[in-house]
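Asker: One-letter residues, chain by chain:
There are 2 protein chains.
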Amino acid sequence: MNKTEPRASGFADRLASAVIERQTPVMVGLDPRWDHLPEALRSDGDASPVQRAAAYRRFCREVIDVVTPLVAVVKPQAAFFEQLGVAGMEALADCIAYARAAGLLVVLDAKRGDIGSTATAYADGLLGPTCEGMFAADAVTVNPYLGDDALEPFFEVARKRDGGVFVLVKTSNPGGRMLQDLQAGGRPIYRHVAEYVEGVAHGSQGRCGYGVVGAVVGATYPEQLAELREVMPHCWLLVPGFGSQGGTARDVAGAFDQQGLGAVINSSRHIIFAHARSPYAERFAAADWQRAVEAATRDMIDRLRSDTPAGQLGSV
Amino acid sequence: MNKTEPRASGFADRLASAVIERQTPVMVGLDPRWDHLPEALRSDGDASPVQRAAAYRRFCREVIDVVTPLVAVVKPQAAFFEQLGVAGMEALADCIAYARAAGLLVVLDAKRGDIGSTATAYADGLLGPTCEGMFAADAVTVNPYLGDDALEPFFEVARKRDGGVFVLVKTSNPGGRMLQDLQAGGRPIYRHVAEYVEGVAHGSQGRCGYGVVGAVVGATYPEQLAELREVMPHCWLLVPGFGSQGGTARDVAGAFDQQGLGAVINSSRHIIFAHARSPYAERFAAADWQRAVEAATRDMIDRLRSDTPAGQLGSV
Numbered sequence: 001m002n003k004t005e006p007r008a009s010g011f012a013d014r015l016a017s018a019v020i021e022r023q024t025p026v027m028v029g030l031d032p033r034w035d036h037l038p039e040a041l042r043s044d045g046d047a048s049p050v051q052r053a054a055a056y057r058r059f060c061r062e063v064i065d066v067v068t069p070l071v072a073v074v075k076p077q078a079a080f081f082e083q084l085g086v087a088g089m090e091a092l093a094d095c096i097a098y099a100r101a102a103g104l105l106v107v108l109d110a111k112r113g114d115i116g117s118t119a120t121a122y123a124d125g126l127l128g129p130t131c132e133g134m135f136a137a138d139a140v141t142v143n144p145y146l147g148d149d150a151l152e153p154f155f156e157v158a159r160k161r162d163g164g165v166f167v168l169v170k171t172s173n174p175g176g177r178m179l180q181d182l183q184a185g186g187r188p189i190y191r192h193v194a195e196y197v198e199g200v201a202h203g204s205q206g207r208c209g210y211g212v213v214g215a216v217v218g219a220t221y222p223e224q225l226a227e228l229r230e231v232m233p234h235c236w237l238l239v240p241g242f243g244s245q246g247g248t249a250r251d252v253a254g255a256f257d258q259q260g261l262g263a264v265i266n267s268s269r270h271i272i273f274a275h276a277r278s279p280y281a282e283r284f285a286a287a288d289w290q291r292a293v294e295a296a297t298r299d300m301i302d303r304l305r306s307d308t309p310a311g312q313l314g315s316v
Numbered sequence: 317m318n319k320t321e322p323r324a325s326g327f328a329d330r331l332a333s334a335v336i337e338r339q340t341p342v343m344v345g346l347d348p349r350w351d352h353l354p355e356a357l358r359s360d361g362d363a364s365p366v367q368r369a370a371a372y373r374r375f376c377r378e379v380i381d382v383v384t385p386l387v388a389v390v391k392p393q394a395a396f397f398e399q400l401g402v403a404g405m406e407a408l409a410d411c412i413a414y415a416r417a418a419g420l421l422v423v424l425d426a427k428r429g430d431i432g433s434t435a436t437a438y439a440d441g442l443l444g445p446t447c448e449g450m451f452a453a454d455a456v457t458v459n460p461y462l463g464d465d466a467l468e469p470f471f472e473v474a475r476k477r478d479g480g481v482f483v484l485v486k487t488s489n490p491g492g493r494m495l496q497d498l499q500a501g502g503r504p505i506y507r508h509v510a511e512y513v514e515g516v517a518h519g520s521q522g523r524c525g526y527g528v529v530g531a532v533v534g535a536t537y538p539e540q541l542a543e544l545r546e547v548m549p550h551c552w553l554l555v556p557g558f559g560s561q562g563g564t565a566r567d568v569a570g571a572f573d574q575q576g577l578g579a580v581i582n583s584s585r586h587i588i589f590a591h592a593r594s595p596y597a598e599r600f601a602a603a604d605w606q607r608a609v610e611a612a613t614r615d616m617i618d619r620l621r622s623d624t625p626a627g628q629l630g631s632v
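These protein sequence lines map, in sequence, to chains U and E.
Those letters in the first sequence? Residues 1 to 316, per my numbering, in order.
Those letters in the second sequence? Residues 317 to 632, per my numbering, in order.
Just so you know, the hints here were simulated from the structure itself, not pulled from any lab data.
Just so you know, these numbers come straight off a predicted model, no measurement behind them.
Any given hint could be a false lead.
[Unchecked claim] Quick list of simulated restraints, FRET-style, between CB atoms: (1) E/Glu-355 <-> U/Arg-61: 42 to 52 angstroms; (2) U/Asp-65 <-> E/Glu-539: 51 to 61 angstroms; (3) U/Glu-132 <-> E/Ala-603: 52 to 62 angstroms; (4) U/Glu-156 <-> E/Asp-604: 30 to 40 angstroms.
By construction, the Cβ of each residue, glycine as well, lies at the ideal position given by its N, Cα and C atoms.
Could you build all of it, start to finish, from the sequences and the hints given here?
Answerer: Pasting the structure below:
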């Protein structure tokens, strides 16, 4: 892979290669929450933001160490780092750099969106991977409410830097219906967004058949997931809501193409905090939280292999 | 003002008092862009992110020094700070703290949005003013695409901390029409958002008649501005797009109530980079860029006084 000569389709192809190589579409969400961290990483009593950020850094690095042999891609959630101020942002930068150095692809879940040159500033700050920026992720999530001229700067930076963009189309939360399901011109708003996103992706396919722009579609709406797979045949889908939010392997089956490609399925809490839930809490000692992460990741990989087209992933 | 005992209406009332005290609804946008900074603040050749962040910090502090006697509220744009990585976020924290210490209200333009507990993390990280957080702004802008359950955590933190929230309703950019103007159930999407926002604000009015939740409505759509003023009688409006984006004093006249309250009108580039445009570039030497900022602020204040109901602002 030539990282210095950006190609329009670079990110989409890199994601396809990585998913095929690992033989799984599982994406691990890095959402460090202080109250959920393993005991071993939490100091007693009140911890300062700097202490918490240090714990987040160590936690993310250890999770990355565990999942690197198993999955292709991780998704740090910017909010939990930003919550801790500057020290948190330092931990975020470390998390992105550490994951990339390990060979993982990194999708920064930032859901940013602003107009024109302000959107360019966000894209410049958050999107790599061919730049020297501090938060140089392989791809970033963005919000479509401000419209096409607010999204284009992200696409442009992504094309230049061999990066990717995932546009929120249908989110996994119940309240997502409020605007996204309103009917306009005979179809829901999310469908309008999907058609726009497909239009952009269609012009930028790589060898894998997918383009530089993908879409976020929640696992909690299985029917819409299958509908949107059809509406966006050239878009990678990033599917959140698996596990903690109730999405199952069968729910996400419609997200894949016939080769088992085209979607990455994210799980955050269900994997990274597996030490605190059944059956892992019973199987592993508290100090062995990393083994709980590994077991939960393997279980999710197995479930997607049995119950979705991801079981048909070809060889590289 | 009692900052330790939060009131539901605290921010709305504080904003009203501050606007009446300064006798102007002008809001100064702090959008530091490297290429536009006054020569005096830019080092020669390539500057590192750390050097740029130091220049942003100095620039914002000097702008704040100039505008503090003239206006009530400033709006730092998170994107330009985030673009510089951790050093930029340090400059943002400094800018917020410096403006608040000067007695200004601070609306952080972050346009954040995420689901449930992730939204809580953003709100906790960005919203003050009664907390010790690093980016403890008086209010924050948020994006409604993810729906009510993604906005409520921001409202909840705002209520607890005496802060405010401005929800994007109708943005100033041309592309904002793509989703916001789609017709659903006989009215545009932005109107649906406006009705929701008004419903939340209605339950939380303070003495001034406005609630804890406001709305962002662009100056570039004067008709919709007047329409939305009527739809949201209990919402402060944050009106961007004045000046550089083409909005004039007459365009924003419809944003105010009969007392000249209810709206703050933002200008960023037109004020903070006045040194580079006519007539200020001719009137002031390059090294006197602060005087250009002052003159441009005074001119905007005068224009809003002559051509909008803001000229009728009563006394405190």
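Asker: Now tell me if each hint is right for this structure.
Answerer: Quick rundown of the hints versus the structure:
1. At roughly 43 angstroms, the beta-carbon separation of E/Glu-355 and U/Arg-61 lies within the given 42 to 52 angstroms, and the hint holds.
2. A hinted range of 51 to 61 angstroms holds for the C-beta pair U/Asp-65 and E/Glu-539, which are about 57 angstroms apart.
3. Between U/Glu-132 and E/Ala-603, the C-beta spacing of about 33 angstroms breaks the proposed range 52 to 62 angstroms.
4. Separation of U/Glu-156 from E/Asp-604 is about 36 angstroms and conforms to the stated range, judged on CB atoms against 30 to 40 angstroms.
Hint compliance for this structure: hint 3 is the single one not met.
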